[in-house]
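Undergrad: Sequence:
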Amino acid sequence: MPSTTAANISETLQETAVKEEKVHQDGIWVFGYGSLIWKPPIHYESKQIGYIKNYVRRFWQHSEDHRGTPEKPGRVVTLIPFDEWKTIESIEGHDRVTWGVAFKIPSDDVEATRAYLDHREKALAYIATTDNEAYVGPAPAENIAKQIYETYGPSGWNAEYLLNLADALREISPDARDDHVFELETLVKKHINNT
Numbered sequence: 001m002p003s004t005t006a007a008n009i010s011e012t013l014q015e016t017a018v019k020e021e022k023v024h025q026d027g028i029w030v031f032g033y034g035s036l037i038w039k040p041p042i043h044y045e046s047k048q049i050g051y052i053k054n055y056v057r058r059f060w061q062h063s064e065d066h067r068g069t070p071e072k073p074g075r076v077v078t079l080i081p082f083d084e085w086k087t088i089e090s091i092e093g094h095d096r097v098t099w100g101v102a103f104k105i106p107s108d109d110v111e112a113t114r115a116y117l118d119h120r121e122k123a124l125a126y127i128a129t130t131d132n133e134a135y136v137g138p139a140p141a142e143n144i145a146k147q148i149y150e151t152y153g154p155s156g157w158n159a160e161y162l163l164n165l166a167d168a169l170r171e172i173s174p175d176a177r178d179d180h181v182f183e184l185e186t187l188v189k190k191h192i193n194n195t
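Using the working numbering, you'd call the opening residue of the sequence shown number 1 and step up by one each time.
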């Protein structure tokens with residue numbers, strides 16, 4: 001898979017703009033791989049459990065506006081291209097797909113849903129790159145777990161986000177391997193039980 005670059009993203013955005021007319025007729029599909037799994041968009045007409053290939057879900061994104069603050073940012077998941085990720089971490093503990101839920105947004109609700117997701121998620125598909133200002137990248141699991149356990153933001157406790165995500169992943173795909181999420185869940189629960 002080619003690496004994600006500004007040119008690739010620009011090309012994709014141009015293709016999207018060309019298809020905009022069709023979107024108004026048919027609606028759009030939005031793939032949720034984080035909180036959208038357990039807290040879906042306001043308006044959708046159907047949903048489908050599924051997965052995407054060539055990306056991994058990682059808690060490598062700071063959240064200063066929902067699960068943390070500028071003074072004490074939380075961490076939320078983002079998608080990392082598989083080819084980039086395998087140069088950073090071992091690929092053990094991942095089954096080479098990222099499970100989530102796709103939501104069909106009806107054409108009449110596309111604009112309202114886009115505005116809602118722009119505020120909530122910052123984009124319809126948010127893929128971290130190393131030049132993204134909120135991208136923080138990898139850290140030892142215990143450090144990430146401690147940060148998640150200790151942070152709160154306008155949308156609530158950061159640990160709630162992690163725990164709800166882990167529960168939702170077990171529900172939608174009980175056999176999926178997402179050791180990163182489940183290891184963080186175990187570590188955060190240890191913090192909770194020690195208080």
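Just to be clear, a hint being listed does not mean it is correct.
Said to hold, decoys possible - Below, a list of computed lysine-lysine pairs in the DSSO-like style, where the Cα atoms sit at most 27 Å apart: (1) K189 with K104; (2) K53 with K104; (3) K104 with K146; (4) K86 with K47; (5) K190 with K104; (6) K72 with K39; (7) K189 with K72; (8) K39 with K146; (9) K146 with K86; (10) K39 with K53.
By construction, these hints were calculated from the structure, which means they are not laboratory data.
Undergrad: Compare the structure with each hint and give your call.
TA: We went through each hint and held it up to the structure:
no. : hint           : result
1   : K189 with K104 : violated, 34 Å
2   : K53 with K104  : holds, 20 Å
3   : K104 with K146 : violated, 36 Å
4   : K86 with K47   : violated, 30 Å
5   : K190 with K104 : violated, 38 Å
6   : K72 with K39   : holds, 24 Å
7   : K189 with K72  : holds, 20 Å
8   : K39 with K146  : holds, 24 Å
9   : K146 with K86  : holds, 25 Å
10  : K39 with K53   : holds, 23 Å
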